[in-house]
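Letter by letter, the chains look like this.
2 protein chains.
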Amino acid sequence: MKIVIIGAVAGGTSAAAKARRNDENAEIKIFDMDYDISYSGCGLPYYIGEEIQDREDLTPRNAEFFKKKYNVDVFRRHEVLNINTEDKALTVKNLDTNDVFTESYDKLVIATGAKSIVPNIPGAENSNVFYLRNVTQADKIKEYIITHKPKSAVIVGTGFIGLEMTENLKNLGIEITLVERLNQVTPGLDSDMAVHVEKYLKSKDINMVLGDSVVELKGEPLVNQVVLQSGKVINSDFVIMSIGVKPNVELAKEAGIELGANGSIKVDTKMMTNIKDVYACGDCAESYSVITKKPLYRPLGSTANKMGRIAGDQVSGGNLEFRGILGTGIFKLFDMTVAQTGLTEREALNEGFETVICHNIKPDKPEYYHGKEMVIKAVADKNTGKLLGVQIVGYTGVDKRVDVFVTAITFGAKVEDLFHLDLAYAPPFSTTKDPVIYTGMILDNAINRGRELITPGELNKLIEKGNDITVIDARVNKQYEEAHVDTAINIPHGQIRKKAEELDKEKVVVTYCNKGVTGNAAQNILINQGFKKVYNISGGHKNYKAQSK
Amino acid sequence: MKIVIIGAVAGGTSAAAKARRNDENAEIKIFDMDYDISYSGCGLPYYIGEEIQDREDLTPRNAEFFKKKYNVDVFRRHEVLNINTEDKALTVKNLDTNDVFTESYDKLVIATGAKSIVPNIPGAENSNVFYLRNVTQADKIKEYIITHKPKSAVIVGTGFIGLEMTENLKNLGIEITLVERLNQVTPGLDSDMAVHVEKYLKSKDINMVLGDSVVELKGEPLVNQVVLQSGKVINSDFVIMSIGVKPNVELAKEAGIELGANGSIKVDTKMMTNIKDVYACGDCAESYSVITKKPLYRPLGSTANKMGRIAGDQVSGGNLEFRGILGTGIFKLFDMTVAQTGLTEREALNEGFETVICHNIKPDKPEYYHGKEMVIKAVADKNTGKLLGVQIVGYTGVDKRVDVFVTAITFGAKVEDLFHLDLAYAPPFSTTKDPVIYTGMILDNAINRGRELITPGELNKLIEKGNDITVIDARVNKQYEEAHVDTAINIPHGQIRKKAEELDKEKVVVTYCNKGVTGNAAQNILINQGFKKVYNISGGHKNYKAQSK
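Listed in order, the protein sequences are those of chains D and A. Residue numbers for the first sequence, in the UniProt record's numbering: 1 to 549. Residue numbers for the second sequence, in the UniProt record's numbering: 1 to 549.
I should point out that these hints are in silico values taken from the structure, not numbers from a laboratory. Quick reminder that beta carbons are idealized off the backbone N, C-alpha and C, glycines included. Check the hints yourself; a few may be wrong.
As the list claims (entries may be wrong) - Cut-off 35 Å, straight-line C-alpha distance, at most; resulting in silico cross-link-like pairs (DSBU-like, lysine-lysine):
| id | chain 1 | residue 1 | chain 2 | residue 2 |
| --- | --- | --- | --- | --- |
| 1 | A | K68 | D | K69 |
| 2 | D | K69 | D | K382 |
| 3 | A | K433 | D | K142 |
| 4 | D | K414 | D | K372 |
| 5 | D | K478 | A | K68 |
What the hints assert, rightly or not - Output of the computed footprint for chain A on chain D, the stretches with three or more beta carbons under 8 Å from beta carbons of chain A:
| id | region |
| --- | --- |
| 6 | 99–112 |
| 7 | 523–536 |
The following block holds chain D by itself, in its conformation from the complex (with noise of 0.2 Å):
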């Protein structure tokens, strides 16, 4: 049995490793055109910050160790020219050498990887205008910075890579401008979220261009100037460029293997292409959903591993077989966090699920204990009570909560279900009911119980089209002067016992107080005394005030 994989990062080197652990006496053989191998390339980011020290860190298996540990021959800066599926074949070049030569394989894994997207733009291929994807890039930017010594930067793209790098140019002195083709940073969450994350950016003194593109980089021989689609001109001492990756897929194609989502290769749960005995795995190949059981393109390390463990045990006899993902990312930006993992609402809505949306606003842990508020939203299924989805910005405990939100989510949670998790609960590292535990209350009241919700955007909607409702501000009048809702009267809580008999009760009410809490209450007693619908707003004033930036 021989088994050749082409890619030695995360994907390929989980398949070694694998195949090596369940069969002692198979060839294994990998080729990668790089030089370096198995790296981190989430750790990237940190190394140009200086975070992470050494580089060594970075890499810390070379082909000696897998040679060693494994059994396993990693080719470094070999590049596969050729997969030839009929006659089993590879050809192969040395980079170093030039040689040319052909491998045979019994089972092939492809694990290609991913590489930067380039705008097909002037100057996108300046020296001074990097693409972080390797450790490779990862040094010149660092060469760059040391010799060049910027004193700004342009970030293009505000997904995970480049607010990651926002924080680590910031930590080093340099002034950073991120500029967004959308009207909101961080794409993948929905924007009344990211409104909270473009707020802390501010605090921390980062500019940002949003829903504007670049045209053209100028300036020779190094790039100084950033051009937009609105004609501004952002002068800039060097330019990151995270506008997203796409799979390397050229090498698969040519040899006839099937594409899926994103140009990523086709596999089915053995990670097997269309074709016997070629297997694909990593940020080159096709994942999908574990909630709408679709294709997806979501290139991660900890995917990539996993892929590569499957894709390794079924070369070598295993049974064990993907179970999709949840799309969870994570990213850490100064002292803030940011979450998500499932459906976003707008993915949910665009996948024709009738959505409960909430806006849980609460502490990680007791406010006496150093608790710092965090965002939940949630989308649940009114149909069947389940959840999709969470997106969570907050500073501490946010890793905690996305995680058990995973795992619920995973093992088919209904909203019902949360309330009921024996959580661990000490000061020191929650409030009594944890923040997923009032999650999983508020969506049940909202789904089963009849305590809807209605999210600021709605809300503005129903205003906007003229609908007559009352909507009301229960929070104390001090508050109400400082900000409230337009049409909003002021009745504090303590007040809507006696006041509510003054209002109509066949009318359309909108409660809310700052959070939430409150609102809910407020909303109760009018259900209690017998108005017909009732709604509070998600997240309160709190956060219906974040949406109008």
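Guided by the hints, dock chain A onto chain D, whose structure is given.
Chain A alone, transformed into the frame defined by chain D:
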């Protein structure tokens, strides 16, 4: 509808609030003997340790709050003397005026909580022997510390409260001696996990006396000597007794209400007692295990809140039902975090499960990102492959992992399910494969893929019995020379492929490395080479060494 609740801390106030949310018109009254209501019992150690500065942070909600927000009348300093379940009436005494009156109810909720166990030994009720259970007692401890400036304290009992008090008193500069009846600290943990806590306590200069009991507290008017069963005498400026709690059930018992586990009030999933219209919730009520479905008494604020909400829902027309607990617990000990959920190995064996045990030693984050090692002991059911429980000792990220395990176990996760979780990965939060995922992989390999584990305890038993086994230390020679399992031979991992030929394939072989990963690699090689029975030491030499106190 008149709802009367006895007790105004976690369970009682939760019940009242939920009942009001459901029913605007019910009359709701709460009686409580104490002056302070609705306080955070779990915050008390941190109030004493001055982590919580403001007493009001512990008791944020007073009677006025409940009247204003929920239209609930809270009567403090009112003792219920008697429950007459036939007439549906209570006899109540106002402790300030000594007035006694009768109060009728339609629905009654008993939420009388629990009290500290006071041992039957001389001096147990002396004024500087403290039982931390409510704010008044916390005040007394604080006052004692301020007035007497004690230099030393003996803490009896090493459960959560005992160890939380250890941290908080030590932080005030007080020398601590812990006295524990058992031969280990933290009785809730298996002894092979408690060793890590003991080692850490030593590093923090905490004195420990294990396997000994207090027989007398000497000194007048203040205790200054603690006399132990062994004859040992410890000089001490005061004593904290934290040897457990028992439910306050005298009132219920006299009223003919049936009792259950640990003498707590027996309730069904609706929190109803054996008597119609009488409910119980919180620390006085019985819970049950999600796993075994058997009664369980684990009083905790988070559970009291859940039970209270359910009782409140049921007495006001709702249908919320209790789903049991996993017995999740967590505590902070200086920089250490100790958490557990589900069954320990000891409990699982007592329940008759055929267990598979793993000790997974992993950093919570990449080491280059300040990751700190945690030990996860997981207990699985060999026959169903289901996860039964975990115990985790570590520094950062422990609370996250336990909550993910809680969620997985609640949904009936099998060990092989954990690998597939799409947990959030970025270097500041996790390793590419999260410790939870590794735990699942190790257990899956052990249960479903013939990669069996052996615990240090089991290995020692085999050796003591004189079984003829080959023990292979797969670490480099230098590590072997420093310390190794007594009967082990040293075959570094890189040489196992060759040297295996010289070994007897029919004999039982035990492999190990430092933490388990390379030991598993060695195990794979041997199994693939035809060895009949190969175990890998769970947690490797690091775990083995930790067990030899």
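Here is how each hint holds up against the structure:
Taking the CA atoms of K68 of chain A and K69 of chain D, the gap is near 69 Å; set against the 35 Å cutoff, the hint is violated. Proximity of K69 of chain D to K382 of chain D is assessed by CA-CA distance (about 52 Å); at most 35 Å being required, the pair is judged violated. Distance check on the hinted pair: K433 of chain A and K142 of chain D sit about 28 Å apart at the alpha-carbon level, within 35 Å; holds. Pair hint K414 of chain D plus K372 of chain D holds up; C-alpha atoms about 27 Å apart against a cutoff of 35 Å.
A distance of roughly 18 Å separates the Cα atoms of K478 of chain D and K68 of chain A; the hinted pair therefore holds under the 35 Å criterion. Counting residues of the region 99–112 of chain D whose CB lies closer than 8 Å to any CB of chain A gives 0, so the stated coverage by that chain is violated, three being the minimum. Three residues within the 8 Å Cβ limit are the bar, and the region 523–536 of chain D against chain A gives 4, so the coverage statement holds.
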